[in-house]
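Visitor: Chain by chain, the residues:
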Amino acid sequence: MAIDAASMDYQCANPDCRVAETHKCVEGLELQSCPHFGKSPASDNVKTTARPGISLPSAELFKAREASQILKANESRVIAIIGPKEAGKTSLLASIYDLLQEGPIDRVHFWRSRTLFAFERACHDARAASQRHEPTAERTKVGQFGFYHLGLNNTSRPIDLLIADRSGEEYRRVADRPSEAADLMEVRRADTLTVLLDGARFLDPTAKHNARSDVQMILQGLIDGGVVCGQPLALVLTKFDELKRSLEVHQLQGEFETFVKHITRLFGAHFTQILSFRTAASPMTDALPRGYGVPELLRFWIDARMCEAPVALPDVDSARAIDRFHDIRPLSASQA
Amino acid sequence: MNEIAITVAGLPQSGKSTFLAALWHLVTTQEISTLLRLDSLRDGDAAHLNAISDRWREARKQDRTPQAPNRLVSMKLRDDASNTYQITFPDISGEIFSGMWERRECDPEVSNILTESNGVLLFIHADTIQAPHWIVDVAALSKKLGIPISPGQEVPWQPKLSPTQVQQVDLLQLLRLSPLDIRARRLAIMLSAWDKVEAEGLDPITFLATRLPLLSQYLTQGADDWDWRVYGVSAQGGEYAPEPDSDETLNSDQKEEVNNLRRLELPSERIRVVNAGGESHDLTEPIAWLKS
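Those protein sequence lines, which keep their order, are chains A and B. The first sequence runs 1 to 336 under our numbering. The second sequence runs 1 to 292 under our numbering.
With the rest of the complex left out, here is chain A (with noise of 0.2 Å):
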């Protein structure tokens, strides 16, 4: 092959510079000026070799170690959402984060989130980046397990919200075996549990019952599994703008609040408070807003909590974070 003396001679030790093609400095300086010109792009001049990078904290799900962290260091609130596969425990946590992304949510402002690809990736899929025609939510996968961060800051109160991540197959297998209820370690640890009556399944007369079944059932699991200590329990009816459009809203708004009174009876004395919400998180049409009903949930997540235990600051490096995180209490805030 034939050598192009006259683009031998337009070479640069910059390897961004195209002098070659373009006769010209990428730098904007005269060629004769630039220090790079005419050099090779292998010259020592430049540093070319690619040099390894330093590695930036992830923004992923935390583990169990690094949501000890956050508990140690700050006032914190452990939520446990608990329903069935598909009930809407990503679009509802997402929810909350999308809402911030337009300001404050009645007052409570975003404060910072060490989880932030994680949030992107859960509230991806009901924004129209994704180019999808309906929102729709990940599901989170059987054995993934982490926590969503977000700090928040309530009338110069800055709080922690770890949201637990797990999947809903893992949760429904605690009615069918008590025992496995041990290995929910977010549920035991939890300040509020809160747990998902799936709004579609509710609206549908083959489905409902069994809705209904699954939500006691599950209770009834983590109770006779020990991981119940008292918590604040709130019972959410997802999925809230479905109901909206049927005819029998009001029917089925009425079976929802006697279902509540019947947990309520039935587990009340294993909860400090047992309260109801409706929820819109990402609706399919705009018969509600984006969120409806998840301010409220928000409220009580801050406002509710167990009763304060003394702080345990374990040294959380080693294989057993899991099961020190359970023995971290949030700090009070005169001790934050």
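Worth flagging that the hints you see were computed from the coordinates, not collected in a lab. The beta carbon of each residue, even a glycine, is placed where N, CA and C say it ideally should be. One or more hints might be untrue.
Claimed, not checked - Okay, the calculated bits of chain A under chain B, using three or more residues with CB under 8 Å as the criterion: (1) 92-106; (2) 111-124; (3) 133-145.
Unchecked claim - Here are the computed lysine-lysine pairs in the DSBU-like style, where the Cα-Cα straight-line distance is at most 30 Å: (4) A:Lys244 / B:Lys144; (5) B:Lys143 / A:Lys244; (6) B:Lys143 / B:Lys160.
To be verified - Computed from the model, here is a short list of chain A residues facing chain B with C-beta under 8 Å: (7) Ile54; (8) Ser55; (9) Leu56; (10) Pro57; (11) Ala59; (12) Arg127; (13) Ala128; (14) Ala129; (15) Ser130; (16) Asn153; (17) Pro283; (18) Met284; (19) Thr285; (20) Asp286; (21) Arg290.
Assemble chain B onto chain A, guided by the hints.
Guide: Below, chain B alone, put in the same frame as chain A:
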């Protein structure tokens, strides 16, 4: 002499190089009164700054800063009290900052530069903010306007699809976390291309709260203890001409805008800096605050 290192941060094409070009013009020509001005050219290499300032005066667009090598731009400036400052601005490519978000890594050389800086200028192009949009809202709007949404291929999540404000919050958090954990506390948010958005009638702080509410909350709630200010900056002053061999073309109005800029007697008057204290042509204002 005081030595001050200022990090010029921002995603690609956020206005960092234009700022440096206009700043160098301002402090060297001294066409107008500024808080800081050139002390001397000694002990420095002004070739790069002179080159980008030339382009700025000709109202031509700046080339994109290459990813490597990272240039350390240095200016020896003095204030009214004759205090002198050697101010260095690492001219770091925007791709380095977007890579910190997308790939979760940082070049060791850039890490050292960031760690040692005394203040941060964070550039956000005010006219190209990538805001979050939701499917349900877009569908409702399309229904209202009677415009059907054309079917598209579903797009899996990628970090670069995230809203501008999320990427900026993450960058500022990273600067406060190990391994970077920079010592600087002062932060100037520079809303560049301010002339393109000022018709919205918002002052910079309200613009931040309205168009970048997550970032605004993060700063106002003080999680990472930044001492911050926000500036609307128009360092370019209007439309600039592309390279002669570029595919980009200007319409007749844009060409007229370029010519009007070139006709100004004092190029320094193209520059506008807006903040809570008012409006000026003085790009050294945020630097004077960062170093104080």
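Visitor: State for each hint whether it applies.
Guide: Checked hints:
Remark: the segment 92-106 of chain A is confirmed as covered by chain B, as 6 of its residues place a Cβ nearer than 8 Å to a Cβ of that chain, reaching the required three. Evaluation of the coverage hint for the segment 111-124 of chain A: fulfilled, as 10 residues show C-beta separations to chain B shorter than 8 Å, against a requirement of three. Figure legend: the segment 133-145 of chain A, annotated as covered by chain B; annotation consistent (3 residues with Cβ-Cβ distances under 8 Å, at least 3 required). Of the supplied pair hints, the one linking lysine 244 of chain A and lysine 144 of chain B holds, its CA atoms being roughly 21 Å apart against a limit of 30 Å.
Between the alpha carbons of lysine 143 of chain B and lysine 244 of chain A the distance comes to roughly 20 Å, so the proposed pair stays at or under 30 Å and holds. Restraint check for lysine 143 of chain B and lysine 160 of chain B: the C-alpha separation of about 29 Å stays at or below 30 Å, so the hint holds. Given hint, isoleucine 54 of chain A at the interface with chain B, holds; its Cβ is 5 Å from that chain's nearest Cβ, closer than 8 Å. Here the hint on serine 55 of chain A is kept, as its CB sits about 6 Å from the closest CB of chain B, short of 8 Å.
Interface restraint check for leucine 56 of chain A: the shortest CB-CB distance to chain B comes to about 5 Å, inside 8 Å, so the restraint holds. The criterion of a C-beta within 8 Å of any C-beta in chain B is met by proline 57 of chain A, whose closest approach is roughly 6 Å, and the hint holds. A least Cβ separation of about 6 Å between alanine 59 of chain A and chain B falls short of the 8 Å threshold, and the interface hint therefore holds. Because the smallest distance between the Cβ of arginine 127 of chain A and any Cβ of chain B comes to about 6 Å, under 8 Å, the interface hint for this residue holds.
The interface hint given for alanine 128 of chain A is met, as the beta carbon of that residue sits about 4 Å from the closest beta carbon of chain B, less than 8 Å. Satisfaction of the interface hint for alanine 129 of chain A is found here, the shortest Cβ-Cβ separation to chain B being roughly 5 Å, below the 8 Å cut-off. A hinted interface residue such as serine 130 of chain A counts as satisfied when its beta carbon comes closer than 8 Å to some beta carbon of chain B; here the least separation is about 6 Å, so the hint holds. Taking 8 Å as the C-beta cut-off, the interface hint given for asparagine 153 of chain A holds, the closest approach to chain B being about 4 Å.
Taking 8 Å as the C-beta cut-off, the interface hint given for proline 283 of chain A holds, the closest approach to chain B being about 6 Å. Of the supplied interface hints, the one on methionine 284 of chain A holds, with its beta-carbon coming within about 7 Å of a beta-carbon of chain B, less than 8 Å. Proximity of threonine 285 of chain A to chain B holds as hinted, the smallest CB-CB distance being about 7 Å (cut-off 8 Å). Taken as an interface hint, aspartate 286 of chain A checks out: its beta carbon lies about 4 Å from the nearest beta carbon of chain B, inside 8 Å.
With 8 Å as the threshold, the beta carbon of arginine 290 of chain A comes within range of chain B, its nearest partner Cβ sitting at about 6 Å, so the hint holds.
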